[in-house]
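Peer 1: Each chain, written out:
There are 2 protein chains.
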Amino acid sequence: MQEVKVERLLINYKTLEEFKRFKEYGNQELSMLEDLESNIVENNSESPFYGIYYGDTLVARMSLYKVNKKYDAYFEPPQDYLELWKLEVLPHYRNKKYGKELVDFAKSFNLPIKTNPRINSHGFWERMGFQKAKYEMERDLGENPLIWLPQGVKEQNHSE
Amino acid sequence: MQEVKVERLLINYKTLEEFKRFKEYGNQELSMLEDLESNIVENNSESPFYGIYYGDTLVARMSLYKVNKKYDAYFEPPQDYLELWKLEVLPHYRNKKYGKELVDFAKSFNLPIKTNPRINSHGFWERMGFQKAKYEMERDLGENPLIWLPQGVKEQNHSE
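Heads up: the sequence lines are chains P and D, in that order. Under UniProt numbering, the first residue of the first sequence is numbered 1, with each subsequent residue one higher. Under UniProt numbering, the first residue of the second sequence is numbered 1, with each subsequent residue one higher.
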């Protein structure tokens with residue numbers, strides 16, 4: 001079996017072209033492309049995306065961002081945590097644990113993780129050890145937040 | 001043509017049963033059901049949902065929440081604005097302007113509106129006069145925010 005490596009993706013035209021094959025192509029990708037075209041970012045700057053290549057092809061990706069503890073409304077004690085979004089594996093490359101590899105990579109920072117997945121992916125996230133956050137409308141609005149707690153971290157209790 | 005009326009939805013077992021027919025059934029709905037079952041909210045309390053009934057059937061809905069201006073990172077001058085989510089019309093009732101009726105209702109408060117729609121619905125939102133917000137990673141993370149500006153309101157410019 002080929003060794004799987006999670007890499008930080010660089011912002012360049014090749015990466016941005018590969019992003020078009022992913023379903024969740026939106027404002028974030030368009031904005032990265034515009035920033036590159038207008039030299040707001042340099043070619044090969046680091047992006048918030050991490051990915052897995054199969055040969056020359058980007059086959060899985062996710063975005064990760066460290067939220068400062070002063071904005072933490074999920075974890076106890078309040079602390080820096082990772083927001084994870086756009087975890088996606090291209091259709092032909094599913095069921096090869098690439099999704100799990102990416103999530104394991106995110107967990108390796110040993111910070112709590114929050115994600116707001118598509119409704120149909122809850123089975124996957126449960127297998128990854130994520131749990132539903134208690135829904136708080138003012139905080140979560142239309143989200144269905146799931147959280148992952150490293151040892152010693154609890155969920156904030158807003159009803160106390 | 002039948003007159004279309006947008007109503008604030010009340011939290012009761014009938015409403016929560018009707019919610020199951022909508023695709024975007026998630027933590028918010030489950031949490032409302034739990035709150036009702038454990039008497040945290042009273043039967044027939046007001047929910048953040050507005051909807052349209054066709055006869056006895058809820059056929060369209062959206063959630064609306066007024067965000068306090070101290071959290072406004074989208075509009076200039078900073079002000080209270082409406083977050084709109086879960087706008088959804090049941091399949092058999094589409095192309096009857098129910099979606100537009102709900103959006104017009106939201107606009108009638110004359111506050112700016114922000115929504116984070118599914119990627120494939122951008123055509124609809126454009127027809128409703130919404131525009132893409134300039135993507136800001138720290139603020140928007142995985143979102144594709146669209147905004148609607150009433151007269152005299154501008155988008156915040158974070159690159160200044």
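If you are wondering where the hints come from, they were derived from the structure by calculation, not from laboratory data. Please note that a few of the clues may not be correct.
[To be verified] Computed list of lysine-lysine pairs in DSSO-like fashion (alpha-carbon distance at most 30 Å, straight line):
{"hint": "1", "chain 1": "P", "residue 1": "Lys23", "chain 2": "D", "residue 2": "Lys134"}
{"hint": "2", "chain 1": "D", "residue 1": "Lys154", "chain 2": "P", "residue 2": "Lys132"}
{"hint": "3", "chain 1": "D", "residue 1": "Lys70", "chain 2": "D", "residue 2": "Lys97"}
{"hint": "4", "chain 1": "P", "residue 1": "Lys69", "chain 2": "D", "residue 2": "Lys132"}
{"hint": "5", "chain 1": "D", "residue 1": "Lys14", "chain 2": "P", "residue 2": "Lys23"}
{"hint": "6", "chain 1": "D", "residue 1": "Lys70", "chain 2": "P", "residue 2": "Lys134"}
{"hint": "7", "chain 1": "P", "residue 1": "Lys14", "chain 2": "D", "residue 2": "Lys134"}
{"hint": "8", "chain 1": "D", "residue 1": "Lys132", "chain 2": "P", "residue 2": "Lys66"}
{"hint": "9", "chain 1": "P", "residue 1": "Lys69", "chain 2": "D", "residue 2": "Lys69"}
{"hint": "10", "chain 1": "D", "residue 1": "Lys96", "chain 2": "P", "residue 2": "Lys20"}
{"hint": "11", "chain 1": "P", "residue 1": "Lys132", "chain 2": "D", "residue 2": "Lys97"}
{"hint": "12", "chain 1": "D", "residue 1": "Lys14", "chain 2": "P", "residue 2": "Lys134"}
{"hint": "13", "chain 1": "D", "residue 1": "Lys20", "chain 2": "P", "residue 2": "Lys70"}
{"hint": "14", "chain 1": "D", "residue 1": "Lys23", "chain 2": "P", "residue 2": "Lys134"}
{"hint": "15", "chain 1": "P", "residue 1": "Lys66", "chain 2": "D", "residue 2": "Lys69"}
{"hint": "16", "chain 1": "P", "residue 1": "Lys134", "chain 2": "D", "residue 2": "Lys154"}
{"hint": "17", "chain 1": "P", "residue 1": "Lys20", "chain 2": "D", "residue 2": "Lys69"}
{"hint": "18", "chain 1": "P", "residue 1": "Lys70", "chain 2": "D", "residue 2": "Lys134"}
{"hint": "19", "chain 1": "P", "residue 1": "Lys70", "chain 2": "P", "residue 2": "Lys107"}
{"hint": "20", "chain 1": "P", "residue 1": "Lys69", "chain 2": "D", "residue 2": "Lys100"}
{"hint": "21", "chain 1": "D", "residue 1": "Lys96", "chain 2": "P", "residue 2": "Lys70"}
All values reported here derive from a predicted model rather than from experimental measurement.
Peer 1: Now look at each hint and say whether the structure bears it out.
Peer 2: Okay, the hints, checked on the actual structure:
no.	hint	verdict
1	Lys23(P) x Lys134(D)	holds, 20 Å
2	Lys154(D) x Lys132(P)	violated, 36 Å
3	Lys70(D) x Lys97(D)	violated, 34 Å
4	Lys69(P) x Lys132(D)	holds, 29 Å
5	Lys14(D) x Lys23(P)	violated, 35 Å
6	Lys70(D) x Lys134(P)	holds, 24 Å
7	Lys14(P) x Lys134(D)	holds, 23 Å
8	Lys132(D) x Lys66(P)	holds, 25 Å
9	Lys69(P) x Lys69(D)	holds, 22 Å
10	Lys96(D) x Lys20(P)	violated, 33 Å
11	Lys132(P) x Lys97(D)	violated, 35 Å
12	Lys14(D) x Lys134(P)	holds, 23 Å
13	Lys20(D) x Lys70(P)	violated, 36 Å
14	Lys23(D) x Lys134(P)	holds, 21 Å
15	Lys66(P) x Lys69(D)	holds, 25 Å
16	Lys134(P) x Lys154(D)	violated, 35 Å
17	Lys20(P) x Lys69(D)	violated, 36 Å
18	Lys70(P) x Lys134(D)	holds, 24 Å
19	Lys70(P) x Lys107(P)	holds, 21 Å
20	Lys69(P) x Lys100(D)	violated, 40 Å
21	Lys96(D) x Lys70(P)	violated, 46 Å
Hints 2, 3, 5, 10, 11, 13, 16, 17, 20, 21 from the list above are not met by this structure, while the remaining hints are.
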